[in-house]
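Work out the full structure: start from the sequences and follow the hints.
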Amino acid sequence: MIFTLLMAATTLAITWIMAQTPSLASPGTPLGVRVPKAYLSDPAVTSALAGFKVRTWTCGIAATVLSLFAWKLPLLAAVPSLVVALGGMWAYLSQRRRIIAAKKAGGWFDEVETTIAARVSHKSIGTPNFDGFPTPTFPWVTMLSSLLCIAAGVIIVASHWSDIPAPVPVHWNSSMEADNWSEKNIGSVFFTSFTALGMLFLFAVICSFIAHSEVSPRSERSIKARLRNEANLAFTNTGMGVLTLLVCAGMTFLQVTGPVPQFQRFTGAAVITMLVLTVGGSIGLVAFLLYKQSQLSEQLRGIRFPDEDNESPDNDHLYKWGVMYYNPDDPAVLVDKRFGTGMSFNYARWQAKVFLSLVALILVGSLALPAILD
11 MIFTLLMAAT TLAITWIMAQ TPSLASPGTP LGVRVPKAYL SDPAVTSALA
61 GFKVRTWTCG IAATVLSLFA WKLPLLAAVP SLVVALGGMW AYLSQRRRII
111 AAKKAGGWFD EVETTIAARV SHKSIGTPNF DGFPTPTFPW VTMLSSLLCI
161 AAGVIIVASH WSDIPAPVPV HWNSSMEADN WSEKNIGSVF FTSFTALGML
211 FLFAVICSFI AHSEVSPRSE RSIKARLRNE ANLAFTNTGM GVLTLLVCAG
261 MTFLQVTGPV PQFQRFTGAA VITMLVLTVG GSIGLVAFLL YKQSQLSEQL
311 RGIRFPDEDN ESPDNDHLYK WGVMYYNPDD PAVLVDKRFG TGMSFNYARW
361 QAKVFLSLVA LILVGSLALP AILD
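Going by this note's numbering, the first residue of the sequence shown is number 11, and it counts up by one from there.
Hints listed in this document are in silico derivations from the structure and should not be mistaken for laboratory results.
These numbers were taken from a predicted model, which means no experiment stands behind them.
There is no bait here: all hints are sound.
Distance ranges between label pairs, derived from CB positions:
1) W100 with A370: 20 to 30 Å
2) L50 with D189: 52 to 62 Å
3) W100 with S172: 45 to 55 Å
4) W171 with T68: 42 to 52 Å
5) L368 with W100: 26 to 36 Å
6) K330 with D120: 18 to 28 Å
7) V333 with T124: 15 to 25 Å
Keeping only pairs whose Cα atoms sit at most 30 Å apart, straight-line, the calculated DSSO-like set for lysine-lysine is:
8) K302 with K330
9) K330 with K47
10) K330 with K63
11) K302 with K234
12) K47 with K63
13) K234 with K330
14) K63 with K302
15) K363 with K330
16) K302 with K47
For glycine and all other residues, C-beta sits at the position ideal for the given N, C-alpha and C.
In C-alpha cells form, the structure reads like this:
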C-alpha cells in the first residue's frame with residue numbers, strides 16, 4: 011500500500027513540475043513563443059498559459075489514478091509516466107498554437123522596433139547595483155560529496171564480498187522479495203554504483219558546461235534578460251548539485267542493501283528512500299528556482315536599464331517546436347533554454363552533435379559496463 015501511494019505521489023509530483031515549467035522560462039517567451047511586452051497580458055497569452063496547466067493537470071490526475079492499478083502489471087507499469095509525458099506535450103503544442111495564431115492575426119511585431127543588447131560584463135558595467143547578482147560556478151562540494159557517497163557504498167559492499175551469495179539477487183517484486191538473480195561478479199554486484207557513476211558524470215559535465223562556457227541568450231536579448239539568465243544558471247547549478255547528492259545517497263543505500271544478506275531486510279526502505287529523495291529533490295529544485303527567480307525579479311525591478319523600452323527580435327522561425335534552437339548563421343554554441351530553465355545547444359553546431367553522442371555513450375555505457383565485466 012505504501013509503495014502504491016508513493017508511485018501515485020511520484021506521478022503527481024512529475025505533473026506539478028511540468029505544470030510549473032512555463033514559470034521558469036523567460037517572461038518574453040510564454041510556451042516558447044516570442045511575445046512583445048505589450049502583449050504579455052493579452053487574453054490569448056493568459057488563456058493559453060492557463061489552458062496548459064489545466065490540460066497538464068488533467069492528464070496527470072488521470073495518470074495518477076491509473077498508477078494505482080497499473081504498477082503491479084509489468085506491461086502497464088510505464089503507462090502512467092507515458093500518459094504524463096504525452097499529455098504535457100499535447101498541452102504545450104496545442105496551447106502554443108493559440109499564441110502563434112493570435113500573434114500572426116494581430117500583427118504583434120508589426121512596426122515594433124527591435125534591438126539586440128551588447129554583451130553584458132559585470133566588470134564593464136561599473137556600478138554597485140550589479141554587485142549582488144550571482145554568476146554560475148561548479149558545485150564542487152555537492153559533486154565531491156556525491157562521489158564519496160558512491161565510494162562509501164562500494165567499500166561497504168566490497169568488505170562483505172565473501173558474505174554475498176551466488177547467484178546474487180538483482181531484482182525484487184512488489185513485496186520486496188528477490189525474484190531475479192544473476193551470477194556473482196563485479197558487474198552484477200555493483201550495477202547500482204555503475205549507474206550512479208554514469209549519472210554523476212553526466213550531471214558534472216552539464217554543470218561544468220554551465221559554469222565555464224558562455225551561454226548566449228536568444229529568447230530575449232535585453233540587458234535585463236542577460237542578467238536574469240546568468241543568475242538563473244547559477245541557481246540551476248546549485249540546485250543540480252544538491253539533487254545529484256540526494257540521488258546518489260539514495261542509490262548508495264540501495265547498493266548496500268541489495269547484495270549483502272545482512273542488510274537485505276532494508277531493501278524496501280532503500281527503494282522508498284531513493285524514490286523519496288529523487289522525487290522530493292526534483293520538487294525542491296523547482297521550488298528553489300521559483301523562489302530565487304521571484305527574489306531576482308524584485309532585485310531587477312529597482313534597476314533602470316538603457317534598453318528597458320526596446321524589444322528583442324521575433325526569432326520563432328529559428329526554433330523547432332519552440333524548444334530546439336537551430337541557426338547555422340549563429341556562431342553561438344550554447345544558448346538559454348526557451349522553455350524551462352538552464353541551457354541548450356544551437357543544434358546547427360557540431361558541438362551539439364558531439365554532446366548528444368556523449369550523453370548516449372554515457373547512458374549506454376553505464377548500463378553495459380556491468381555486462382562487460384561479467
